[in-house]
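Residues 338 to 571, numbered by our numbering, are exactly what the sequence shown covers, in order.
To be clear, the hints were calculated from the coordinates, so they are not data collected in a lab. There's no promise every hint is true.
To be verified - The calculated SDA-like cross-link candidates involving lysine to any residue, where the alpha carbons are at most 25 Å apart (straight line), are: (1) K552 to A531; (2) K548 to R571; (3) K539 to L570; (4) K430 to A365.
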Amino acid sequence: MPYNNTQQKTIHIVRERLRALCEPAYQAFVVRLVPNIPAENIWGVRAPALRKLARQLEQEGLAEHFLRALPHTYLEENNLHAYLLQNEKDAQKALAGVLTFLSYIDNWATCDIGTPRVFHKNPAPLLHHVPAWLDHPHAYTQRYAIGVLMQHYLGTRFEEKFLDMVGLHKSDHYYVNMMRAWYFSMALVHQWQASIPWVEDKRLDTWTHRKTIQKAIESHQIPQERKAYLKTLR
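Assemble the whole structure, with the sequences as input and the hints as a guide.
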């Protein structure tokens, strides 16, 4: 989609600032972390600098122009977009922004930046979309859905049906199944009694089962005696 003149000017401003913030050594590090993004599409800008840039764009009235300038080219542009959505204080605008942006997410790092803060007290509008997101063919939309359940629904809002939603989800995409394993490892942290039967009964596919145990054992939030038990369930 071609950018209009205002969007082109905004993109130029953003890229000039990203260029000034990039660190070659950090760029090389991120290239290894996000291997599906070409190295030439990664600037190497750290998260705190991107958050600061997001605030600057908001103060200068450029945020809306940037958010409409989809698709983006660079990893940091996508991350900046996610940080701008995090800052949106209007729930309807935030949800509309998420719905628009999800299909453009092309990597786990952008996907995992998280949900808009406006939903932290009431994530129900996001939960409403989780089933459809899980059924969506786009892998990072599926990953985002699982992230919503992990971020907002493993505490006091937890229901066992959420374990079913993630556990019964079928995918052959590495980054979806990695998120499923991460979700279950965190479920073992916060909802041990409800989630441990999934591991004991080997209800997950073999790869996700083993990765769940690995991540749980690596966690600093699970007691040693539970880690020892998990090792017997490999």
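Going down the list of hints, with the structure as the test:
1. Taken as a hint, the K552 and A531 pair is honoured in the structure, with Cα atoms around 18 Å apart against an allowance of 25 Å.
2. Simply put, K548 and R571 have alpha-carbon atoms about 10 Å apart, close enough for the 25 Å limit, and the pair holds.
3. Of the pairs offered as hints, the one joining K539 and L570 holds, with about 8 Å between alpha carbons and a cut-off of 25 Å not exceeded.
4. Using a Cα cut-off of 25 Å, the hinted pair K430 and A365 is violated, with the two alpha carbons roughly 35 Å apart.
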